[in-house]
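The lines below spell out each chain.
Number of protein chains: 4
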Amino acid sequence: MARNVQENPDMELRTICDIDVSSLERVQQRYPNVKCTSDFQDILRDKKIEAVIVATPVSTHYDLAFSALKAGKHVLVEKPITDSVKSAVELLELSEKVKRVLMVDHTYIYSPAVQMLKNIVLSGELGTMLYYDSVRINLGLFQHDINVIWDLAPHDISIMHYLIGKTPSLVSAHGARFMNHDLEGMAYVHLTFDDGLVAHFHVNWLAPVKIRKTIIGGSKKMVVYNDVEPTEKIKVYDKGIDVTTEESIFKTLIQYRTGDIQIPHFENREALSVEIEHFADCVKNSKFPYTDGYTGLQVVRVLEAAQESIRKEGQPVSLD
Amino acid sequence: MARNVQENPDMELRTICDIDVSSLERVQQRYPNVKCTSDFQDILRDKKIEAVIVATPVSTHYDLAFSALKAGKHVLVEKPITDSVKSAVELLELSEKVKRVLMVDHTYIYSPAVQMLKNIVLSGELGTMLYYDSVRINLGLFQHDINVIWDLAPHDISIMHYLIGKTPSLVSAHGARFMNHDLEGMAYVHLTFDDGLVAHFHVNWLAPVKIRKTIIGGSKKMVVYNDVEPTEKIKVYDKGIDVTTEESIFKTLIQYRTGDIQIPHFENREALSVEIEHFADCVKNSKFPYTDGYTGLQVVRVLEAAQESIRKEGQPVSLD
Amino acid sequence: MARNVQENPDMELRTICDIDVSSLERVQQRYPNVKCTSDFQDILRDKKIEAVIVATPVSTHYDLAFSALKAGKHVLVEKPITDSVKSAVELLELSEKVKRVLMVDHTYIYSPAVQMLKNIVLSGELGTMLYYDSVRINLGLFQHDINVIWDLAPHDISIMHYLIGKTPSLVSAHGARFMNHDLEGMAYVHLTFDDGLVAHFHVNWLAPVKIRKTIIGGSKKMVVYNDVEPTEKIKVYDKGIDVTTEESIFKTLIQYRTGDIQIPHFENREALSVEIEHFADCVKNSKFPYTDGYTGLQVVRVLEAAQESIRKEGQPVSLD
Amino acid sequence: MARNVQENPDMELRTICDIDVSSLERVQQRYPNVKCTSDFQDILRDKKIEAVIVATPVSTHYDLAFSALKAGKHVLVEKPITDSVKSAVELLELSEKVKRVLMVDHTYIYSPAVQMLKNIVLSGELGTMLYYDSVRINLGLFQHDINVIWDLAPHDISIMHYLIGKTPSLVSAHGARFMNHDLEGMAYVHLTFDDGLVAHFHVNWLAPVKIRKTIIGGSKKMVVYNDVEPTEKIKVYDKGIDVTTEESIFKTLIQYRTGDIQIPHFENREALSVEIEHFADCVKNSKFPYTDGYTGLQVVRVLEAAQESIRKEGQPVSLD
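Chains as they are written, first to last, in the working numbering: chain D, 307 to 626; chain C, 307 to 626; chain H, 307 to 626; chain E, 307 to 626.
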């Protein structure tokens with residue numbers, strides 16, 4: 307974050323705050339000309355500071371972002387926006403009241419790969435979107451204050467929300483805790499949408515291999531987005547079925563289509579750099595960010611419902 | 307099936323029955339010395355026939371297997387054994403009464419890869435088994451009489467049952483139907499076991515890529531079984547975490563272990579050939595097959611519960 | 307071969323000859339209605355036999371094919387056509403004299419993947435072909451009578467010849483013999499063409515992994531043909547460079563182009579089946595096969611030159 | 307380089323020299339406390355500077371390193387050490403005369419993967435090393451002053467030299483120039499050693515895919531080192547052949563061994579950081595670096611011979 311702010315021509319990295327003193331020292335060495343402090347009030351009081359980036363444990367997001375907005379600062383907060391729907395709503399309302407930008411760091415939205423996915427979806431070439439399946443697993447990093455859903459699922463929920471602009475109606479989830487750890491280290495989340503679309507995320511901190519693979523099934527084409535691939539991240543498959551409903555059960559009702567596969571080229575840019583640029587643009591020109599407080603709230607609504615479903619052993623929870 | 311029976315030195319391929327006449331003609335050409343008939347009674351009446359293999363649509367399994375057992379034949383029936391728990395129980399009871407072998411064609415159990423998995427699990431090197439996650443997806447083949455769960459999940463349920471010898475207590479499932487097809491073409495099945503083990507299967511007929519990947523998470527080691535790989539199907543990862551529970555939330559509680567990866571070698575034999583050999587052995591020596599009627603019943607119990615959970619939008623269904 | 311002939315509607319599998327008696331017995335069991343003999347004269351004398359397929363060790367190709375042609379039979383002989391340029395020329399001349407089809411079993415030419423490669427090359431989309439690089443390695447099967455060049459390089463030489471229709475002017479090769487085996491088990495072959503095109507083959511019987519990968523570099527696009535991939539065998543890369551020659555050495559002279567990657571779809575058919583069909587067509591309609599005796603001769607010319615270059619420690623050998 | 311020097315606790319980044327003024331300005335911004343100059347004499351005259359790192363075009367290596375050594379500085383020079391054997395010998399002799407460290411930046415030697423390879427070779431588990439085959443290809447970066455051999459082959463030559471400590475006796479090479487570019491953009495280099503070992507490198511700036519794969523064939527085991535893999539870079543295959551020489555040509559002479567595959571774990575550290583640490587250690591404690599001037603000279607001897615072989619259309623050039 308600090309590096310990307312510093313490299314952005316429209317921003318000036320002015321103050322870095324960290325309550326871990328040794329970490330603050332390392333930062334000071336790297337950025338000798340930046341003020342380093344362990345007192346957040348130093349930031350709030352500094353009239354020259356227009357915007358604050360909150361990159362702290364989730365449980366502190368609400369307090370820090372709230373006081374920054376109160377002090378008239380624009381705020382970019384790491385995902386998830388807060389640890390509850392209630393506090394997310396409050397932040398959102400405050401940001402509207404004080405007319406400041408409230409942006410959530412759903413970084414993937416600013417990656418060239420997800421931008422390309424968005425283009426593909428917008429082009430209509432997939433037909434009707436039928437399903438969205440994502441596997442996001444690896445070994446580590448177990449968090450201390452949030453379980454794996456709150457840590458990893460925001461990526462998938464925000465990408466989905468960005469791609470289709472809809473909110474699910476039902477959320478089910480299953481989680482597993484490992485080896486006396488008191489937080490779920492693995493979970494499956496299943497979303498149902500009113501129009502029949504389904505989405506499913508497998509998030510896991512205790513997997514032997516790193517997988518970051520999303521499959522989007524459409525009625526015309528299908529997409530595989532493999533974020534672990536260094537260059538060929540997105541493949542568009544001209545594949546599908548045509549269903550002809552005849553009465554006789556012995557007639558072939560399903561026809562399979564298989565055509566070429568396309569791997570679209572896009573420039574590889576650091577997503578965080580794009581995001582910081584977008585934040586600067588929103589602040590300067592009073593725009594709403596792509597990942598605004600409202601998006602952040604939608605993500606937390608799904609997370610909270612998933613949490614509740616886990617408690618109920620997988621019973622679906624309504625989002626209305 | 308026919309080829310493997312013919313190649314087995316302990317068996318003689320005597321009669322092939324098919325109600326599709328053109329298919330029967332092709333078979334006759336390939337096996338000129340084998341009797342071909344479209345009347346199943348020809349098989350039942352032939353005293354010299356000791357064993358019958360039922361490889362027909364699922365809805366016909368019960369009737370054909372039942373009458374074959376009644377006629378004193380040993381029976382090998384394709385998976386799933388029948389289309390309901392009730393009929394599976396009846397078949398099982400009949401087989402016990404007439405003292406004939408009732409075996410289910412859960413082919414994977416006889417594959418060298420699953421045999422190797424069984425050895426790894428038995429060796430105890432994985433520690434406690436924490437989760438079993440399987441993805442079994444590709445484009446096609448949509449079935450006319452059963453949905454994707456009844457078609458593909460029997461593989462995973464039977465492998466799991468073989469590896470751990472336990473039956474789940476809770477089953478949840480979500481399914482999706484595509485493009486006016488009246489059967490689920492995609493589904494997620496989640497199993498919970500009394501000891502905390504969880505299992506999850508993604509089965510899908512409408513996926514752009516073929517994936518056959520199972521991850522088994524253990525407390526000591528983890529395994530990835532990739533059946534699409536031609537030679538390096540199984541990888542054993544010496545990876546995991548050690549959890550030390552300290553009170554302070556800011557101390558590192560989790561330590562990660564990462565060691566070598568082992569790819570065990572095993573001879574590649576056709577699973578069906580091993581299975582037929584096992585069937586012959588069971589018939590000759592009055593043994594219970596690894597995949598006997600009881601195993602087949604356990605599989606159908608899970609399938610039926612998953613079906614019920616889908617109807618209830620994912621609500622967990624108890625297996626007791 | 308036998309199976310493919312039997313399945314071809316335009317052919318009748320009449321006689322199989324093998325001097326290995328136990329092998330002949332197995333064959334007889336599989337094809338009960340086919341005459342099996344260990345006397346090749348039985349084939350030559352049989353007036354009803356129109357065509358002979360020679361699938362024997364290379365050193366016997368010449369004698370068997372020669373006598374079959376002499377007896378008025380059409381001949382399909384496994385690759386390489388013979389073990390010397392001299393004998394290949396003689397076969398070719400005899401086939402012209404007796405007006406019989408002489409076809410060489412360069413199977414790859416009939417594979418859908420190589421057919422697709424041919425289409426891509428013909429379309430001109432690659433621009434000028436700059437290089438052809440092939441790696442064809444795995445563990446086994448060491449041959450007893452020919453080294454790895456004579457065993458594996460015919461695939462690459464015939465594919466190249468089919469794709470570009472040109473013969474190289476210079477051949478260099480390096481080989482290595484392993485562990486007292488008296489034949490090269492690994493070799494590198496380098497071809498130079500008059501127009502600047504270069505080709506290079508790495509063939510190896512003692513490699514830990516199976517690789518079948520060909521890269522074709524063109525001035526406009528490039529192709530990777532990975533025959534080990536089950537479905538996505540061919541990838542067309544819209545990649546390359548543009549060279550602008552400026553005087554100053556500090557100016558950027560090279561510009562890189564990177565566009566989409568295309569994976570063309572094609573139906574997967576067994577190459578041997580296509581080949582047998584083509585052979586039948588050539589016999590019936592007096593056509594020249596794609597892989598005729600002349601093609602077979604060109605392949606052996608390169609093989610012989612490569613062999614000579616190995617003897618001379620890699621010195622280039624002229625093909626004129 | 308600059309970053310790694312700055313992060314090394316035993317070194318102080320004192321002066322950066324660049325004749326490109328705009329580049330110098332960017333560097334000054336990043337390292338505000340470091341002196342930036344476009345006059346190399348500033349470095350030579352500064353008595354407090356003990357060591358100089360030369361990271362410039364190859365044609366300037368000799369002059370800059372020579373004058374630095376003359377001025378009593380220790381020198382680390384990018385690979386290849388110089389552009390000719392003659393100048394490499396002179397540098398080496400000067401470094402011995404002035405008793406200063408002369409180290410060449412063959413970075414791979416300091417990578418954890420190559421260190422692991424060295425351990426595997428030293429352990430003897432591979433048996434006799436039979437061949438070393440490397441493919442090092444991708445699109446770009448075409449150099450202005452050196453061809454692809456001088457750019458990429460130093461990696462393979464230095465790794466080989468490090469692993470086996472021997473110098474080849476014969477060098478052959480083929481090169482191709484593309485699209486009016488006057489330097490080879492693709493080349494094959496073949497090395498023969500007195501004991502029968504062969505090595506082969508395919509280096510290419512105009513390839514559609516990035517490949518960094520080395521296969522080492524041993525009489526007992528074989529290794530694949532795939533540097534593009536993020537984590538599983540090295541695989542050790544317990545594979546090979548046993549040759550039993552019997553007279554009869556129809557008896558099976560070769561037996562194949564296939565055992566487990568091992569993927570050894572090692573920590574991932576930045577090679578350049580290890581290298582800089584080693585340079586500091588050599589300077590402080592008057593040690594010879596692993597990649598000293600002598601190693602650098604051996605690399606250039608092979609490069610020069612390869613260049614000569616290309617001129618002679620692949621004729622082998624003796625290194626004696």
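Don't read these hints as lab results, they were simulated from the structure.
Among the hints, erroneous ones may be present.
Each pair may be met inside one copy or between any two copies, as identical chains are not told apart.
Stated by the list, open to error - Quick list of in silico lysine-lysine cross-link-like pairs, DSS-like style, CA-CA up to 25 Å: (1) 541 <-> 516; (2) 541 <-> 526; (3) 593 <-> 618; (4) 618 <-> 424; (5) 403 <-> 541; (6) 516 <-> 526.
Here's how the hints hold up against the structure:
1. 541 <-> 516: both (19 Å within a copy, 14 Å between copies)
2. 541 <-> 526: The answer is both: 14 Å in one copy and 22 Å across copies each meet 25 Å.
3. 593 <-> 618: neither (40 Å within a copy, 44 Å between copies)
4. 618 <-> 424: This pair counts as neither: shortest intra-copy Cα distance 35 Å, inter-copy 33 Å.
5. 403 <-> 541: neither (44 Å within a copy, 54 Å between copies)
6. 516 <-> 526: For residue 516 and residue 526, the Cα distance is within 25 Å only across copies (18 Å; inside one copy 30 Å).
In terms of the numbered hints stated before, the structure departs from hints 3, 4, 5, listed from lowest to highest.
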